[in-house]
Amino acid sequence: MSETTEKTVEQIENPASYVELKGINKHFKDFHATKDANISISKGKLVALLGPSGSGKTTILRMIAGLEHPDSGEIWIDGKLVNNIPGSERGIGFVFQSYALFRYMNVYDNIAFGLRIKKVPEKDIKKRVTELLELISCEGLEKRYPSQLSGGQRQRVAFARALAPNPHILLLDEPFAAVDAKVRLELRTWLKEMITKLQITSIFVTHDQDEAIEVADEIIVTNQGRVEQIGTPQELYSNPASPFVATFIGNSIQVKNFDRFRFFEKPEEDVTAILRPEFVSVYKKGEKVQYSKSVEEAVVEDIIFRGSNLEIKVRLHDNLISSVRSINEPAIEIGETVDVFIFRLFVIFKDRIELFYNRSLNNETVII
Amino acid sequence: MDIRKDKGVLKWVLIVICFVFLSVFLLLPLVYIIATAFRAGIQGYIKAVTDEYALKATWLTIRATLWAVGINTFFGISAAWCLTKFAFKGKKLLSTFIDLPVTVSPIIAGLIYVLTFGRQGPLYGFLDSHGIQIIFAVPGIVLATIFVTFPFISRELIPVLTAQGTDEEEAAALMGARTFTIFRKVTFPHIKWALLYGIVLCTARAMGEFGAVSVLSGHLRGKTNTLPLYIELLYQGYDFTGAFAASSILVIMAVIILILRLVIEQKGKKEIDINR
Ligand SMILES: Nc1ncnc2c1ncn2[C@@H]1O[C@H](COP(=O)(O)OP(=O)(O)OP(=O)(O)O)[C@@H](O)[C@H]1O
Ligand SMILES: [Mg+2]
Numbered sequence: 001m002s003e004t005t006e007k008t009v010e011q012i013e014n015p016a017s018y019v020e021l022k023g024i025n026k027h028f029k030d031f032h033a034t035k036d037a038n039i040s041i042s043k044g045k046l047v048a049l050l051g052p053s054g055s056g057k058t059t060i061l062r063m064i065a066g067l068e069h070p071d072s073g074e075i076w077i078d079g080k081l082v083n084n085i086p087g088s089e090r091g092i093g094f095v096f097q098s099y100a101l102f103r104y105m106n107v108y109d110n111i112a113f114g115l116r117i118k119k120v121p122e123k124d125i126k127k128r129v130t131e132l133l134e135l136i137s138c139e140g141l142e143k144r145y146p147s148q149l150s151g152g153q154r155q156r157v158a159f160a161r162a163l164a165p166n167p168h169i170l171l172l173d174e175p176f177a178a179v180d181a182k183v184r185l186e187l188r189t190w191l192k193e194m195i196t197k198l199q200i201t202s203i204f205v206t207h208d209q210d211e212a213i214e215v216a217d218e219i220i221v222t223n224q225g226r227v228e229q230i231g232t233p234q235e236l237y238s239n240p241a242s243p244f245v246a247t248f249i250g251n252s253i254q255v256k257n258f259d260r261f262r263f264f265e266k267p268e269e270d271v272t273a274i275l276r277p278e279f280v281s282v283y284k285k286g287e288k289v290q291y292s293k294s295v296e297e298a299v300v301e302d303i304i305f306r307g308s309n310l311e312i313k314v315r316l317h318d319n320l321i322s323s324v325r326s327i328n329e330p331a332i333e334i335g336e337t338v339d340v341f342i343f344r345l346f347v348i349f350k351d352r353i354e355l356f357y358n359r360s361l362n363n364e365t366v367i368i
Numbered sequence: 001m002d003i004r005k006d007k008g009v010l011k012w013v014l015i016v017i018c019f020v021f022l023s024v025f026l027l028l029p030l031v032y033i034i035a036t037a038f039r040a041g042i043q044g045y046i047k048a049v050t051d052e053y054a055l056k057a058t059w060l061t062i063r064a065t066l067w068a069v070g071i072n073t074f075f076g077i078s079a080a081w082c083l084t085k086f087a088f089k090g091k092k093l094l095s096t097f098i099d100l101p102v103t104v105s106p107i108i109a110g111l112i113y114v115l116t117f118g119r120q121g122p123l124y125g126f127l128d129s130h131g132i133q134i135i136f137a138v139p140g141i142v143l144a145t146i147f148v149t150f151p152f153i154s155r156e157l158i159p160v161l162t163a164q165g166t167d168e169e170e171a172a173a174l175m176g177a178r179t180f181t182i183f184r185k186v187t188f189p190h191i192k193w194a195l196l197y198g199i200v201l202c203t204a205r206a207m208g209e210f211g212a213v214s215v216l217s218g219h220l221r222g223k224t225n226t227l228p229l230y231i232e233l234l235y236q237g238y239d240f241t242g243a244f245a246a247s248s249i250l251v252i253m254a255v256i257i258l259i260l261r262l263v264i265e266q267k268g269k270k271e272i273d274i275n276r
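Protein chains in written order, with the numbering used here: chain L, 1 to 368; chain X, 1 to 276.
So here's chain X without its partners, still in its complex pose (with noise of 0.2 Å):
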């Protein structure tokens, strides 16, 4: 009691900072953001997002986005369920690769791509000849998205993982389930809250992803722009209007995903709370 009464003071200094902080360098630029967007009147900013690049910018995000997230879901979870219920040989190595692309900056991602699939790549010559295009194409921008997104899912998934430990498949198995059943019926329930939380934080890196994709897009105007670029486009051109109203759609997408992600929490907690 002493304690706190003493820190009461403190307390409130505290909330005050944080406010401050939080007001000045969040809620000014977002509310600049819609300002700026509507500068031209109602009009002006629909006339900005709907614009066909605009559109064309959004549904690439979207689609890379969907790609990189089901891609690393399903590899989050092969990770996941491998590193934490078999043992085998490299598995150190492995789990510490799953961990690169944080560490690695994005750029990097995006020139190893290049290097790879580009025209002095090794690869070049016989994607070349079958008619694949990875770099300055979609694919490049997908293979960038999902570089610099794929822990998010096993780094939720393999703790939870870890805590249940073997002990319910090992019964289920002896009891005849296959390895599928397995997973359906006893596995997943514990990790379905991990997974769909690991899912958002994933989406939400992978709509914003700037750096790596940057590298092997190539800058195509309606072909290879994700929002992303294609705000940064339109910024270089001085279109303020143009730049933020795409901004906009952006920040829409990801208050969705923050609601979204408290809707999981609140929901997984209570689930746990009942498991425990």
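The shape of chain L in the complex, shown without the other chains (with noise of 0.2 Å):
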């Protein structure tokens, strides 16, 4: 009785998240794997677990799924608490960091085994089946054995297996890991469109911050873990809740004595500013530009092509500061003095972070 009146209240509490994690800890012997984590996902997001290695991101997939179980706190899964609930019945459809391919099972067996495992009709198999066939282009697979699949085809087999039962949830763990880096930009697309397509509930864990903010609707970034902060990604860019999530997010590098650059100041001793490329223009000596009275000069210690444009690290106060150049502006080469115009940085507090803008941007009319 009293059960089903919390189960109302929570949904009522709460009816945003088909998935929630509350006050989630995990030990493994005397290692605290997973710490006070609390997650809310909505129905049909596609979420991003992002962190270092060890962080704690494949342990929580792996108790949603339930094939760990938590010491303490409470996994809701579409408004039921499914903390004692066995993973095979909390409808969700799990993709293995090394996929977990049946290797003496044929492409076409793989698929079927859980709709077998469910007794539906060897017709009705069939019919799923080839759908999921055609839906991840390996028709003309099925009698393969996986050893027979190139990587990217093995990705989308253990996609299609989890998929056939229809599940509600799906978790998929580094899902590009084990597949080379051109493979993994056309997979990364064609899984969210996929997933978009079908409009299912997704969680997948990766450490490479790119693919999680090209593909994520959400990510969710974890450190030592602990859940840092969960956000959009423009959020996580603009809005960083910890220092971990500013220096992770981005390419950034720390400043210390940021007072001496033009325009700044330090508000108290011991704070340290973050750094992102985007925060910094470097003009060639005499080139035009909107804030030719602030800048300072700065002599380029290094030049990296990057495909699209140029990155350009100058050293400014002893501190080696990145910056992004178009390939199209007149070309700097190493050694030259340039000037350089710092827009913002983020100062790192003991409690909060806070965005420092260029005093100069007050007095001078500009529009960023």
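Simulated from the structure, these hints should not be mistaken for laboratory data.
Take these hints with a grain of salt, some might be off.
Stated by the list, open to error - Pairs of lysine-lysine residues, derived as BS3-like cross-links and limited to a Cα-Cα distance of at most 25 Å, are as follows:
1. L:Lys29 / X:Lys85
2. L:Lys143 / X:Lys192
3. L:Lys197 / L:Lys182
4. L:Lys197 / L:Lys45
5. L:Lys197 / L:Lys126
6. L:Lys143 / L:Lys123
7. L:Lys80 / L:Lys35
8. L:Lys80 / L:Lys118
9. L:Lys43 / L:Lys80
10. X:Lys267 / X:Lys192
11. X:Lys185 / L:Lys126
12. L:Lys123 / X:Lys185
13. L:Lys119 / X:Lys185
14. L:Lys143 / L:Lys126
15. L:Lys127 / L:Lys197
16. L:Lys350 / L:Lys256
17. X:Lys92 / L:Lys29
18. X:Lys270 / L:Lys143
19. L:Lys22 / L:Lys43
20. X:Lys185 / X:Lys85
21. X:Lys185 / L:Lys143
22. L:Lys350 / L:Lys35
23. L:Lys256 / L:Lys266
24. L:Lys118 / X:Lys185
25. L:Lys29 / X:Lys91
26. L:Lys266 / L:Lys293
27. L:Lys127 / X:Lys185
28. L:Lys45 / L:Lys192
29. X:Lys267 / L:Lys143
30. L:Lys143 / L:Lys118
31. L:Lys197 / L:Lys43
32. L:Lys285 / L:Lys313
33. X:Lys269 / L:Lys143
34. X:Lys270 / X:Lys192
35. L:Lys192 / L:Lys182
36. L:Lys29 / X:Lys89
37. X:Lys267 / X:Lys185
38. L:Lys313 / L:Lys288
Quick one: dock chain against chain with the hints and give me the complex.
Next comes the structure, spelled out in structure tokens:
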């Protein structure tokens, strides 16, 4: 009786969340692998679990799947407390990091496995498998064994196998880790299209921020067993909730003596600033610029060709600062003295992160 | 290339040594067994082989082997499965215990059972009152055979199961497959050839076991004599034709096992190549 009431309360409390983790803790012997994780994911979203190696991404995914059990906390799926419900009854499809295809079964039997367990009639199985093979563009491969497939094909078969029993949630552990860079890019786009088309709530693990930013609607950033922040890529980018997120997302460097930069001042003793390449502009001497009165001089130490643009590294008050410059602008050489303008930077306080703007932006009438 | 040319002589010397060695220590004795077995002519051989006690000993050997292989197959799969797929306390200890029979002398294995189940043993009273006789009876022989052969199957399976990992089983479990289905459909194909190979090794060892069985059997002719014990008995009684004829039965059984082993190795290798 009381349990049903609780459930209803839960649904009213947070109607938007389809998958919810509340105060989850997990230990492996003495090792605290997940620390008080609170996660809420809405229906139909494609969410990335992003964090460095060993930060507990796989552990969280496995707990949602029921392959691992939390020491404390609650896992809710579709308004049901699932802590004591076995993984196979949670409506989950799981794509393993190494795919875990059944090596002694051919592609057809792999995809059909989950349906056969459910005692679906062979006729319907055939229909579903054919449909899925078409979806993953692997028609004609049904007789092959996993070892006779390319990495990309294996990945897609694993995807089809997970989808076959029509799960409500799809969990993918580093789905692109085992394929090479080019195929990875293709698969990324493909997967995003697939998941958007199927409208299935999906969580995928990655430690590649580009992948997360490109593919996910929302990103959950983990670090040392903690959930650091949950938000859209834009939110993480412009409003990092913790120093870790500020440094992990984007290509950033830390600056201690930023009070020496022109038009910036340091409020307290012990704060550090984070500077991203997009916060900095580098101009050739004599180039006509809007902030010509506010720039300061620096020497170019390195230039890296990044395909569509150049990364220019300059030495400014003992800091090696990166900036991005279009290849269409006048060329700059190593050793050249250039003008540098810093628009803004993140300042990390003990309890918060603040965005500091170049004070001259207030004085000069400019639009960024 | 150069290295091979230099070692051309060495290669031939080594090959000759191997052949001479095998001829002297293996082939010659085998030929001698056959020759001696037939010394009294075909009739004598047939008579010796179809001797009532010889047949009984053969039958007992086969029975003990079947029991030991059956039980060890079950035990070996269970042990290998739990050692590779689960984490638990005492795992190291269990793993070490499995190897014990390889390191302990078979005689000692026999004596352990005599002490446990014999008149002075703690279980004797209970067993006796229920009319169960273990030592100097067939159960004792089976026990001894199981003891000396029990690492063979699990030791073949453990490396295969370790290499496979637990991913495939977890994937199957998440799709709702029950443990037995997972074993049958997912795990078993991986271990099939290793298991057969382990069974062959176990069979070969079980058929030839002498030491532990000798302690436990009590040498009751026609009752508790296995083939190796029977051969020993005939030999001690200077019945060379009989001893060697009985030996030839054991040799034929061994050759069958050897051929099986070869076939399994070939087939298994082919299938593994496909699934690399
Ligand atoms: N079964 C286990 N036993 C003991 N420790 C474990 C186990 N599984 C994970 N850990 C530990 O928990 C921590 C988090 O592991 P997890 O696999 O979740 O990391 P991850 O973020 O997925 O890393 P990666 O990106 O390298 O896959 C690691 O330090 C790992 O060593
Ligand atoms: Mg992982």
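Going through the hints against the structure:
At roughly 18 Å between alpha-carbon atoms, Lys29 (chain L) and Lys85 (chain X) fall within 25 Å of each other, so this suggested pair holds. For the suggested pair Lys143 (chain L) and Lys192 (chain X), the alpha carbons sit about 21 Å apart, so the restraint of at most 25 Å is met. Taking the CA atoms of Lys197 (chain L) and Lys182 (chain L), the gap is near 23 Å; set against the 25 Å cutoff, the hint holds. Between Lys197 (chain L) and Lys45 (chain L) the CA atoms are separated by roughly 12 Å; this keeps the pair inside 25 Å, and the hint holds.
Between Lys197 (chain L) and Lys126 (chain L) the CA atoms are separated by roughly 22 Å; this keeps the pair inside 25 Å, and the hint holds. Proximity of Lys143 (chain L) to Lys123 (chain L) is assessed by CA-CA distance (about 18 Å); at most 25 Å being required, the pair is judged to hold. Straight-line distance between C-alpha atoms of Lys80 (chain L) and Lys35 (chain L) comes to about 22 Å, which keeps the hinted pair within the 25 Å bound. Restraint check: the Cα-Cα separation between Lys80 (chain L) and Lys118 (chain L) comes to about 22 Å, which is no more than 25 Å; the hinted pair holds.
Between Lys43 (chain L) and Lys80 (chain L), the direct Cα distance comes to roughly 14 Å. Compliance with the 25 Å bound is thereby established for this hinted pair. A threshold of 25 Å between alpha carbons decides the hint, and for Lys267 (chain X) with Lys192 (chain X) the separation of about 11 Å falls inside it, so the pair holds. Distance restraint check for Lys185 (chain X) and Lys126 (chain L): the Cα-Cα separation of roughly 19 Å lies within the 25 Å cut-off, and the hinted pair is therefore satisfied. The suggested pairing of Lys123 (chain L) with Lys185 (chain X) holds, with an alpha-carbon distance near 21 Å, which does not exceed 25 Å.
In summary, the hint linking Lys119 (chain L) to Lys185 (chain X) is supported, as the alpha carbons are separated by about 15 Å, within the 25 Å threshold. Using a Cα cut-off of 25 Å, the hinted pair Lys143 (chain L) and Lys126 (chain L) holds, with the two alpha carbons roughly 13 Å apart. Simply put, Lys127 (chain L) and Lys197 (chain L) have alpha-carbon atoms about 20 Å apart, close enough for the 25 Å limit, and the pair holds. The straight-line distance between the Cα atoms of Lys350 (chain L) and Lys256 (chain L) is roughly 14 Å, inside the 25 Å bound, and the hint therefore holds.
With a C-alpha separation of about 17 Å, the suggested pairing of Lys92 (chain X) with Lys29 (chain L) holds against the 25 Å cut-off. Between Lys270 (chain X) and Lys143 (chain L) the CA atoms are separated by roughly 18 Å; this keeps the pair inside 25 Å, and the hint holds. For the given pair, Lys22 (chain L) sits about 17 Å from Lys43 (chain L) by alpha-carbon distance, which is consistent with the 25 Å threshold. Restraint check for Lys185 (chain X) and Lys85 (chain X): the C-alpha separation of about 16 Å stays at or below 25 Å, so the hint holds.
As the CA atoms of Lys185 (chain X) and Lys143 (chain L) are separated by approximately 17 Å, the hinted pair is consistent with the 25 Å bound. For the given pair, Lys350 (chain L) sits about 21 Å from Lys35 (chain L) by alpha-carbon distance, which is consistent with the 25 Å threshold. The straight-line distance between the Cα atoms of Lys256 (chain L) and Lys266 (chain L) is roughly 10 Å, inside the 25 Å bound, and the hint therefore holds. Taking the CA atoms of Lys118 (chain L) and Lys185 (chain X), the gap is about 15 Å. The hint holds against a cut of 25 Å.
In summary, the hint linking Lys29 (chain L) to Lys91 (chain X) is supported, as the alpha carbons are separated by about 16 Å, within the 25 Å threshold. Taking the CA atoms of Lys266 (chain L) and Lys293 (chain L), the gap is about 21 Å. The hint holds against a cut of 25 Å. Under the criterion of a C-alpha separation no larger than 25 Å, the hint pairing Lys127 (chain L) with Lys185 (chain X) is consistent with the structure, at around 22 Å. For the given pair, Lys45 (chain L) sits about 11 Å from Lys192 (chain L) by alpha-carbon distance, which is consistent with the 25 Å threshold.
About 21 Å separates the Cα atoms of Lys267 (chain X) and Lys143 (chain L), which keeps this hinted pair within 25 Å; it holds. Taking the CA atoms of Lys143 (chain L) and Lys118 (chain L), the gap is near 22 Å; set against the 25 Å cutoff, the hint holds. In summary, the hint linking Lys197 (chain L) to Lys43 (chain L) is supported, as the alpha carbons are separated by about 14 Å, within the 25 Å threshold. At most 25 Å may separate the alpha-carbon atoms for a hinted pair to count; Lys285 (chain L) and Lys313 (chain L) meet this at roughly 16 Å.
Between Lys269 (chain X) and Lys143 (chain L) the alpha-carbon distance is near 21 Å, which keeps this suggested pair within the 25 Å criterion. Only pairs whose Cα atoms come within 25 Å are accepted, and Lys270 (chain X) paired with Lys192 (chain X) is accepted, the gap being roughly 13 Å. The suggested pairing of Lys192 (chain L) with Lys182 (chain L) holds, with an alpha-carbon distance near 16 Å, which does not exceed 25 Å. Between Lys29 (chain L) and Lys89 (chain X) the CA atoms are separated by roughly 12 Å; this keeps the pair inside 25 Å, and the hint holds.
Simply put, Lys267 (chain X) and Lys185 (chain X) have alpha-carbon atoms about 20 Å apart, close enough for the 25 Å limit, and the pair holds. Taken as a hint, the Lys313 (chain L) and Lys288 (chain L) pair is honoured in the structure, with Cα atoms around 21 Å apart against an allowance of 25 Å.
Hint violations for this structure: none, all hints satisfied.
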